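Enquirer: Sequence:
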Amino acid sequence: MAKVFETIRDGVVLFDYEDQIVSYNRAAEKVLPELGLPKRYPVDMGMVLSDSSELLERIRAASDGDERFPFHRFHVDRNKYYNCSLSLIYDSGSVLIGKILSSTILQK
1 MAKVFETIRD
11 GVVLFDYEDQ
21 IVSYNRAAEK
31 VLPELGLPKR
41 YPVDMGMVLS
51 DSSELLERIR
61 AASDGDERFP
71 FHRFHVDRNK
81 YYNCSLSLIY
91 DSGSVLIGKI
101 LSSTILQK
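Each step along the sequence shown adds one to the number in the numbering used here, with nothing skipped, and position 43 is 43.
Please note that a few of the clues may not be correct.
Claimed, not checked - In silico lysine-lysine, DSS-like type, Cα no more than 27 Å apart, as pairs:
no. : residue 1 : residue 2
1   : Lys-3     : Lys-30
2   : Lys-3     : Lys-39
3   : Lys-80    : Lys-30
Bear in mind the hints are in silico, worked out from the structure with no lab data behind them.
All figures in this text were calculated on a predicted structure; none of them were measured in a lab.
Using the sequences and the accompanying hints, generate a full structural model.
Expert: Here is the structure:
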């Protein structure tokens, strides 16, 4: 399963029910290089994504269903644009156990 996760071309970040980052793939680190800074996970997303306040608020505010939204950031001397999808993860259909954020680059 880990190999499948790593081969996904979209950036994927997994959060637990307390909004801690639990895991991410290499493609996500290209979108959010700061994911590589902590030495251990899980870690509070606010500490890692502090420079992306708009993204943090979207993740924290997610309350039902899937949400799609644009995201852009200035990185390595240019703007990069992404299409993001944020989904809630439930156990047994009713208990929220986490969130999954995926991002696809729109413009290099």
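Enquirer: Hint by hint, note whether the structure agrees.
Expert: Hints and how they fare:
1. Restraint check for Lys-3 and Lys-30: the C-alpha separation of about 18 Å stays at or below 27 Å, so the hint holds.
2. For the suggested pair Lys-3 and Lys-39, the alpha carbons sit about 21 Å apart, so the restraint of at most 27 Å is met.
3. For the given pair, Lys-80 sits about 11 Å from Lys-30 by alpha-carbon distance, which is consistent with the 27 Å threshold.
Of the numbered hints stated above, none is contradicted by the structure.
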